[in-house]
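A.B. asks: Chains as they are written, first to last, in the working numbering: chain R, 1 to 295; chain U, 1 to 470.
Hint data in this document are derived by calculation from the structure and do not stem from the laboratory. There may be inaccurate statements among the hints.
[Stated by the list, open to error] If we take Cβ atoms under 7 angstroms as the criterion, some of the chain R residues that face chain U in the derived model are:
hint	residue
1	Glu99
2	Ser105
3	Pro186
4	Ala260
5	Pro261
6	Arg269
Heads up, the beta-carbon is just placed ideally off N, CA and C, and yes, glycines get one too.
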Amino acid sequence: MVREATREGRRLRIVGAGRWLDVGAPVDATDEITTTAMTGITAYLPADLTLSCGAGTTLAELEAATRAHDQWCPLLPWGDDLGTVGATAATATAGPFAERLGQPSTLVLGLECVDGTGRVIQAGGRVVKNVAGFDLTRLMIGAWGTLGVITQLHLRLRARPTVDRTMVLEVPASAVDAVMALVRGPYAPLALLSMDAGAAWTAMAGALPTAMDPAARRWLMRIGGNAPFVAAAQEALARLGQLSEVDGDAIWPLVRQHAAPRAGPGPWRWDALSRRLRERFDPHGVLNPGLLGAI
Amino acid sequence: MATLATALEQIVGAAHVLTRPPSLLVYRSDGLPGHRAIPSLAVFPGTRDEVVRVVRVLAEAGAPFVARGAGTGLSGGALADGIVLLGLHRLKGILAIDAEARTATVEPGVVNATLSKAVAPLGLLYAPDPSSQSACTIGGNIAENAGGPHCLKYGVTLDHVVRATVVLPDGEVMTLDRGEGTGYDLLGAFVGSEGCFGVVLDVTVRLTPIPDAVITLLADFTSMRAAADATSRIIAAGILPAALELMDQATIEAVESSVYAAGYPRDAAAVLLAEVDGAAAGLDADASAIERLCLEAGARAVRVARDAAERARLWQGRKKAFGAMGRLAPHLVVQDAVVPRTRLADLLEEIHAIGTRHDVRVCNVFHAGDGNLHPNIPYDADDPAESARVAQAMSEIMHRCIEVGGTITGEHGVGLDKLDYMPALFSGDTLDAMCTLRDVFDPERRANPGKVVPVRSCREWLAAPSARAH
């Protein structure tokens with residue numbers, strides 16, 4: 001389809017589950033290319049902690065398949081699980097767990113894509129460590145489809161922590177430094193979000209414990225690891241303030257939907273290298289033209 | 001060349017330009033013997049400004065060049081064959097350390113271990129730890145996307161690089177980052193580009209807190225299969241050790257007969273060196289789980305290092321294993337394939353069989369937790385018959401690794417050494433796309449020419465032979 005478009009001067013809007021269409025500059029397209037036919041997990045070796053799937057596979061499918069083996073691909077991006085793995089990679093959408101469990105560029109080991117010249121590119125590989133050749137995988141991640149349409153992905157999985165707790169910690173302002181010393185030191189949580197500001201937290205108020213002291217500082221955090229580690233972390237944090245356990249399975253999907261920092265690409269940096277990239281990988285302007293603004 | 005040398009001497013001083021063959025001989029190889037090439041000239045700028053001016057003079061002269069750090073690479077990547085060698089080891093400045101943000105900004109010639117030493121008083125370290133860390137430079141680590149034993153838990157070089165200022169081969173200075181929603185991941189493309197995309201002027205890296213506690217275990221096995229099986233069990237159980245390293249009988253023997261003797265049991269078929277680190281709480285549980293899984297897989301014994309000294313000794317044997325193999329023969333070929341972790345046991349048996357068939361001794365010492373094999377063969381490069389057998393055995397090993405879904409390099413890079421395997425690993429379209437990416441950074445194709453991607457794989461280069469004049 002990309003090759004035809006190149007020949008016939010058509011311009012393609014790339015669509016996964018269609019959850020990103022309204023971000024960025026409008027795409028000036030004549031046709032749509034959708035990854036919904038490229039779905040499904042094509043290889044999954046639980047003992048290897050690797051998985052391959054079509055770009056149109058939804059995050060929900062990925063979650064269900066890996067959960068069955070007590071594993072996960074902790075992309076868990078901002079937004080909901082109706083979105084696709086391909087779009088998550090193409091937009092490099094991170095989430096509250098990315099800092100600790102891996103950005104999309106760390107969790108994607110390799111991918112297949114079709115660039116604007118119609119080349120079918122097999123970037124990277126399926127193994128967890130790989131420096132063979134120039135890194136076309138990292139190039140495609142976060143490129144918003146403007147260098148290639150991602151069709152397949154090879155992902156790194158992780159084992160789910162044996163013990164996994166989500167908690168709200170409320171402490172007086174005087175204890176903030178002590179909290180930071182713990183979370184930046186021995187008891188690094190899987191995710192840590194300040195609940196001090198933002199309408200998002202108001203929207204989720206029903207699912208969270210009410211603040212006891214309006215002047216206090218509050219965080220939502222998730223701590224995972226083996227049982228002695230989690231117990232020690234909880235004990236240390238509880239000494240600093242009020243620690244209440246909440247239902248993580250219920251709260252994190254809400255957080256990912258409501259507390260997202262922002263959606264869509266920012267004003268794109270079209271420096272000399274970036275312009276050359278776009279010109280060389282999509283010389284006819286077939287892929288998502290206009291999405292990242294004018295070159 | 002005389003006028004180029006003069007122009008370069010004016011920038012860096014006559015003492016830092018080498019033009020006479022005897023002095024250039026030092027740079028004829030890197031950490032991997034077997035590839036040799038002598039540069040036409042070597043230039044060693046001492047400041048960032050000098051690097052930029054040197055690169056611009058080279059651009060004006062249309063001169064191809066190879067950037068080089070400490071020359072500890074294991075792929076022949078830092079060899080300059082009759083062209084200019086640009087050495088960066090004089091740029092040793094640690095420019096800034098931000099303890100709060102946990103970052104350091106350094107020049108490319110800073111030695112890996114020197115950085116960790118410099119930030120240790122702040123309770124921090126630089127996590128990527130290639131075995132050559134006492135000599136290799138951060139600039140070289142960026143070029144190779146270097147790994148090391150502790151990358152199993154902490155990630156490879158790219159995971160620790162925030163930003164880099166580079167000079168492109170045409171002389172333009174640019175600051176690259178990961179894109180972060182407002183640009184392409186140019187830094188992701190640059191890290192691991194093996195000196196083909198430009199020269200690092202400074203780089204900001206992430207620092208990691210020194211773990212509160214560390215436990216190091218050594219499990220010994222009477223069969224390699226059992227050791228590989230233990231590795232798979234530990235990974236499958238969801239434990240994330242800081243490192244998980246395997247050494248076979250040939251390696252144990254080499255280490256124990258050398259000055260690096262680490263106290264590995266000489267009669268073991270394999271030893272597994274495992275390390276867990278982090279908060280003290282929970283560490284014992286991980287260590288006992290590893291011990292149990294090793295025993296279940298058939299370990300004869302599992303020993304826990306009692307103190308820092310014993311831990312250092314166990315690690316010394318691993319880190320100096322390549323050096324210890326130097327005792328066995330004058331030369332050593334070092335490989336770097338990665339296979340799916342569930343295939344380790346099968347592959348190691350096949351590698352052994354391939355070695356036996358070609359009458360060569362394969363020593364395996366590797367990052368088992370990542371499936372990153374280092375099959376090494378000590379040999380005498382001056383014996384043509386033996387060299388041919390070694391080359392044949394290595395080729396079969398590498399092709400087997402590709403066949404089971406692996407790759408030809410996990411951390412050493414393609415360089416010159418693995419060039420011939422690239423077409424077996426990647427499709428024509430993919431190799432051509434890599435050529436395109438290189439062209440974006442270096443349209444004149446002057447930076448480390450002839451490395452990483454075979455020139456014959458670049459369609460446009462073939463179509464326009466005049467462009468290959470260099």
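A.B. asks: Next step is simple, just say for each hint if it's right about the structure.
C.D. replies: To see whether the hints hold, each was checked on the structure:
no., hint, result
1, Glu99, "violated (11 angstroms)"
2, Ser105, "holds (6 angstroms)"
3, Pro186, "holds (4 angstroms)"
4, Ala260, "violated (12 angstroms)"
5, Pro261, "violated (10 angstroms)"
6, Arg269, "holds (4 angstroms)"
Comparing the model with each earlier hint shows violations of hints 1, 4, 5; every other hint is respected.
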